[in-house]
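K.L.:
One-letter residues, chain by chain:
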Amino acid sequence: MTVQTAPEKLLPKDYATDQEVRWCPGCGDYAILKAVQKTLAEIEADPANTVFISGIGCAARFPYYMETYGFHTIHGRAPAFATGIKLANPDLDVWVVGGDGDGLSIGGNHTMHAIRRNVDITYLLFNNEIYGLTKGQYSPTSRLGTRSPSTPHGSIDSPVSALQFALGANARFVARGIDRRIDHLPGLLAKSHAHKGCSFVEIIQNCIVYNDGAFEHFTEKDVKAENQVEVEHGQPIIWGADGNKALQFDAKTFKLEVVTIGENGVTEADVLVHDEKNRLLAQMIAAMEPPHFPIAIGVLFNDPDDFSYEQAVHAQNDMVKQNAKHAGDMNALLRSGATWTVT
Amino acid sequence: MEGGTAAAQLDTGRQEMDSAVVRFAGDSGDGMQLTGSQFTQATALAGNDLATFPDFPAEIRAPVGTTFGVSAFQINFGARQIRTSGDELDVLIAMNPAALKVNLEDVRKGGLVIVDTGSFTDKNFRKAGYESDPLEDGSVDGFRVLKIDMSRLTMESVKEFGLSQKEGLRSKNMWALGLVYWLFDRDTEVTANWLKGKFAKRPDIANANIGAMMAGHAFGETAEMPEEITTHVIPPANIKPGLYRAVTGSDAMAWGLCAGSQLAGTEMLFAGYPITPASALLHALAPLKDFNITTFQAEDEIAAVCAAIGGSYAGALGITSSSGPGIALKGEAIGLAVAVELPLIIVNSQRGGPSTGLPTKTEQSDLYQAVYGRNGDTPLAVVSCSGPGDAFHAAIEACRIATKYMTPVMLLTDGYINNASEPWLIPDMADFEPFPVTYRTDPENFQPFSRDEFLARPWVKPGTPGLMHRIGGIEKDYTSGNISYDAMNHQRMTDVRRDKILNIANDIPEQAVELGNDSGKLAVLGWGSTYGPINRAVANLREDGVDVSHIHLRHIWPLPRNLGDLLGQYDQVLIPEMNDGQLITVIRSEYLIDAIPLNKVTGKPFKINEIENAVHGAIDN
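For the protein sequence lines, the chains are A and B, in the order given.
Going by the numbering used here, the residue at position 203 of the first sequence is 241; the numbering climbs one at a time, nothing skipped.
Going by the numbering used here, the residue at position 596 of the second sequence is 601; the numbering climbs one at a time, nothing skipped.
Hints are computed from structural coordinates only; laboratory data are not their basis.
Every residue, glycine too, gets a C-beta built ideally from N, C-alpha and C.
Accuracy of the hints is not assured; some may be wrong.
Unchecked claim - Facing chain A, from chain B, some residues (calculated, C-beta under 8 Å): (1) 46; (2) 52; (3) 270; (4) 272; (5) 279; (6) 305; (7) 319; (8) 320; (9) 461; (10) 487; (11) 565; (12) 567; (13) 569; (14) 573.
Claimed, not checked - Which chain A residues stay away from chain B? Per the calculated CB distances, all over 12 Å, these: (15) 56; (16) 120; (17) 321; (18) 327.
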């Protein structure tokens, strides 16, 4: 047996490659890259056992900057590659990184199936509501009326909500973070990584060149307290500059409403408490957006299954192997069934 | 010509024949494929050589009684080597008027037509497009016709088993099989045993089917037959001694991939998406989990190839499979596998195109797609199999090339090979040279795109300490693999990707002549499932003294290193293909040989006489 010396604890910079990072100056991707490197250091990820898979787009350059194994594949298909990798080696720690066009437009099908199969991957979807690498066309998450080179008079098709899509595909773990919330993001990524099964994380990300300020109504300093709410399992859903805004559920209308603690007889006891195992609640808070509601960040839903997909596949493989007729003997397989001898 | 030739009358009253071609045809719900495969089994056990051709409609259950719902199974069997499923039918079993309508034109003049008159009703005539009873209006003149009310006789034979009318009539195919067993002196026991096993949980159904088969057989023995109905005996063929089994192309391909990954010492990740006629391969591999195979039914064709590449990236042998339309969808990902230089096998079960085309009919029209069908200069190896049993060997060769050269390999088969079956001398795995892969583990001087003597880059499993690196579809630096937009580097990478594939020609056998001399008046050059008809045609012609040879390709790309010189030894080269002329373009382009095309896209294999006529046309002019 070989005796291994305990590896030195790695620092965030140890997860960075020597390659020059080529995103636009001021791109939100820089902050996410730092947050991921910080997270890996915190969870003491083994770089040799960590794999980053991406499709095509600005975000998809991510693997080149991570001192781990990495595979920059083709547009939209990263979840399918990741599924193959996990099937071939379930022990690998696989992260998928991509943008909204990659994951929800050309690759929407693969995103859906990786989620509903519950492949044990951590999927980071950078949502900047625009196509960056192809120079600014509107994307499947762009808001109605988005003016872009391909929609000069404004987009006329409704956007998709990343998290509602994921929940609709029966996601077992759904979370949301914001590039500018570097105080919040690493912790969120660590929780996402800890979940066994497909963890789907939407990261709101500013494209400084083609969609700058798209999220400023809830990310700027002066508005974020009123327009962001951090949800945490078992905690009342409360936000606001004065910490007195809260959510209530109206069972008669089956709707959420914003209330103020201390007004109209509302006390903290009346406030909705976040339950990360409640899929219906997750759907409702995933759909919240300003101006009527704050945008929810944190772990919106977390209800792990007993097995991830590749675990179940290999469990079945092993079970079949135990009862297999030929036990991997090729000659026996070729001679099974009806045979005859010519003399 | 391959086909029935009557010989001596025997003491038993049976006529000895050299070979015979029989086709069972009926409605797609009549169980003709099953009937045919049982007859195949019994015939193989009787020691004949044989070849089969299952031909079924694209619709799962086309409207009953229509011509487009006709399903047929053809078998050619004989006392000599059989290389095709036969040009003309000696015996046609038509279970309804539509089956007669579709198949009568293939029966040789004077051939025997057996019909179930129980289904010859006015309603069925109309459905089949007959204006009157074809048995009475002269349509079957020139054939020997045996009219039997099989429906009624079947019902009588299963009466004792208490089945409903519908269930009872389902045994009609077994009644017909029993009659044909009598006609050719076949043993009914194999089928009886098979029925007992298949319907172990429904002994009433098993017994009804056996009862119907025995009744059909007994009918032949006892009924007063018209004088022109003769029974036959076909003596065993002179076949190479050994242990045999019947094998379809799909099964042989599955086992070959299995064997190939064992010889390479890798696990296998097989990812597919349902498509006709490729699905059978997924079905054949899915149960074989004890061979370290993981099968994955992906959400689409693209996901299937991507998952397979992901599998190879992680250290398994990634394999995907489809038919033309699905291969088209996989094109971009195959290009990625070429760019990142990972092993990958793409099996293409070719069918009629373009687009959805003819899903259940065979064709060879994806050769361009295999050799050239990707964006950019994107070379890969292309290997082809020539028949059901050969699929096993072609699959092993594909595994060898993919792992040794770190490259995608396109493995071509077709709908005919997949579904057809033939007796197969079972190989012994001890006779195959293993080609174990090595995964790079040494961090010393590691570069992801350094190359060995075969220009292959190292295969590194993620999880290996100290070898972390990134790969991708953007052009890479010649050694480090880092992104490079350098102009000369792209030239160099394009050159080395090409040279790596072309060098495979030094690692495959020189092209041999299958039959005939290595020079002469004319060579017939074939690939894939045209093997049978070409080989028989050339054999027949050579018996008649015609100077003609048969050359058949296993390696479509790169081509064998001596092929140009070899073809140059003949005055003319004829290239029969079940497409509009694809290999011929490659041959002309590579060797400037002005070969003669022979093309056919009717969804059916070449007939022997079509090739004989083409050879005569070329030589005699």
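K.L.:
With reference to the structure, classify each hint as holding or not holding.
P.N.:
Hints versus structure:
1. Proximity of residue 46(B) to chain A holds as hinted, the smallest CB-CB distance being about 6 Å (cut-off 8 Å).
2. For the restraint placing residue 52(B) at the interface with chain A, the shortest Cβ-Cβ distance is roughly 7 Å, inside the 8 Å limit, so the hint holds.
3. Restraint check, residue 270(B) versus chain A: the minimum CB separation of about 12 Å is more than 8 Å; hint violated.
4. Satisfaction of the interface hint for residue 272(B) is found here, the shortest Cβ-Cβ separation to chain A being roughly 7 Å, below the 8 Å cut-off.
5. The interface hint given for residue 279(B) is broken, as the beta carbon of that residue sits about 15 Å from the closest beta carbon of chain A, more than 8 Å.
6. With a least beta-carbon distance of about 6 Å to chain A, the hint placing residue 305(B) at the interface is held under the 8 Å criterion.
7. Below 8 Å, beta-carbon pairs count as interface contacts, and residue 319(B) has one with chain A at about 4 Å; its hint therefore holds.
8. Annotation: interface hint on residue 320(B) holds; nearest CB of chain A at approximately 6 Å, less than 8 Å.
9. Taking 8 Å as the C-beta contact cut-off toward chain A, the hint placing residue 461(B) at the interface is violated, the least distance being around 19 Å.
10. A least Cβ separation of about 6 Å between residue 487(B) and chain A falls short of the 8 Å threshold, and the interface hint therefore holds.
11. For residue 565(B), the interface hint is violated, the least distance from its beta-carbon to any beta-carbon of chain A being 28 Å, above 8 Å.
12. With 8 Å as the threshold, the beta carbon of residue 567(B) stays out of range of chain A, its nearest partner Cβ sitting at about 33 Å, so the hint is violated.
13. Taken as an interface hint, residue 569(B) does not check out: its beta carbon lies about 36 Å from the nearest beta carbon of chain A, beyond 8 Å.
14. Checking residue 573(B) against chain A: minimum C-beta separation of about 40 Å lies over 8 Å; hint violated.
15. With a least beta-carbon separation of about 9 Å from chain B, residue 56(A) fails to lie farther than 12 Å from that chain, contradicting its non-interface assignment.
16. Annotated as non-interface, residue 120(A) brings its C-beta within 12 Å of a C-beta of chain B; the closest such distance is 7 Å.
17. The non-interface label for residue 321(A) is consistent with chain B: the shortest C-beta to C-beta separation is roughly 23 Å, beyond 12 Å.
18. The Cβ of residue 327(A) lies farther than 12 Å from every Cβ of chain B, with a closest approach of about 30 Å, so its non-interface assignment holds.
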